[in-house]
Amino acid sequence: GIQVEQSPPDLILQEGANSTLRCNFSDSVNNLQWFHQNPWGQLINLFYIPSGTKQNGRLSATTVATERYSLLYISSSQTTDSGVYFCAGPKSNTGKLIFGQGTTLQVKP
Amino acid sequence: NAGVTQTPKFQVLKTGQSMTLQCAQDMNHEYMSWYRQDPGMGLRLIHYSVGAGITDQGEVPNGYNVSRSTTEDFPLRLLSAAPSQTSVYFCASNPGGAGNTEAFFGQGTRLTVV
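From first to last, the protein sequence lines are chains A and B.
First residue of the first sequence? That's 1 in this note's numbering, and the numbers climb one at a time after it.
First residue of the second sequence? That's 110 in this note's numbering, and the numbers climb one at a time after it.
Source of the hints: derived by calculation from the structure; they are not laboratory data.
Cβ atoms here follow ideal geometry from the backbone N, Cα and C, with glycine treated the same way.
Any given hint could be a false lead.
Partial pick of chain A residues on the chain B-facing surface, computed with a CB cut under 7 Å [claimed, not checked]:
id : residue
1  : Q42
2  : L43
3  : Y48
4  : S60
5  : P90
6  : K96
7  : L97
8  : Q101
In isolation and in its complexed conformation, chain B is listed as follows (with noise of 0.2 Å):
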């Protein structure tokens, strides 16, 4: 079982260049969200979607976009990177609902931006 699975690992960045952060899920979730881990400050959501076609800004979405076209991928993107970003990004995917809404994380991508 994949479960959530994140791409690039690791990744370096200069200051004003953008990429997309991949993140596919195999469970069949609604619920699929971005986090991003800074130093003493635990998780922060970023941007998070309910369903496909369905996104919603978390707490922390300066400088991210996102979008949802099918319910297996939810691609973050960084349209002008700054050093700010800096962090690790873990995306989550929960089966949303009133129900289980037991979480699970992929593996983290960590980003440096130089």
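Here chain A stands alone, though its shape is the one from the complex (with noise of 0.2 Å):
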């Protein structure tokens, strides 16, 4: 079965308003991280949150790790927040990593 899920795929925000991005992962992933991938393609480093609650200026991020969850909340959105964000976690401590599909973050001016 599908092994990390993300919600939406698609998301338009305008510029300014506050969103919330899912990850549901399965038992042999573990250790989520965050990533955006920019515009140019770069992979940026959001959050490493096996658990519990991290925040970083506008974005912040929960994972509830026993019920298989990831919630990363991006408040007062701008265009540079657009992009691709992934959650991912490796696979029964491997270093393989699973992605997600990603969601599309489109924030309009």
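Starting from the two chains in their separate frames, assemble the complex, guided by the hints.
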């Protein structure tokens, strides 16, 4: 079955709006990470969040490991937030990252 | 801090040519891996290594070879390039083990095979 599943697949926001991205992961995946792939293709580490909540400026993330999901919150979105957001986790303590299919975010000015 | 460095950033190959994509990390990470990203397909694992001298296949290994002679370097070799290998390639490293598994990625190599 699907090991890492993200929703929604696409999201269009007006600048200044807030959003929540979701990542569901199976029992074989742990130690979730969130990445932002910017329009130039770079993969930027946002959060390494096996459990709990972390915040970095306008972004925050929460992982509830016991319920196998993680949420990424973007507040007061800016056009520079546009891109694809991926969540991923290693499979069963290996180095093999399992990626979700990503959420494509477009923030309009 | 250099992190994970990939070279080249762009490459155009003719069908049948061979080449090596370079990847180096300076974080003393045990685990290194190669992914390819195709439009609408997310990232797929090609090969990975859990330490020097140890490599294994990922999800899409056909057409690629790897070796890991040092902790720092993990080159990816295309022996006979095919148009189906046109993609963006990412190298990643993480500490490995049961503790911190945070992965870091290189900036990617955009490969076109004509």
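Hints, one by one, checked against the model:
{"no.": "1", "hint": "Q42", "result": "6 Å, holds"}
{"no.": "2", "hint": "L43", "result": "4 Å, holds"}
{"no.": "3", "hint": "Y48", "result": "4 Å, holds"}
{"no.": "4", "hint": "S60", "result": "17 Å, violated"}
{"no.": "5", "hint": "P90", "result": "5 Å, holds"}
{"no.": "6", "hint": "K96", "result": "6 Å, holds"}
{"no.": "7", "hint": "L97", "result": "6 Å, holds"}
{"no.": "8", "hint": "Q101", "result": "5 Å, holds"}
In the structure shown, a violation is registered for the earlier hint numbered 4 alone.
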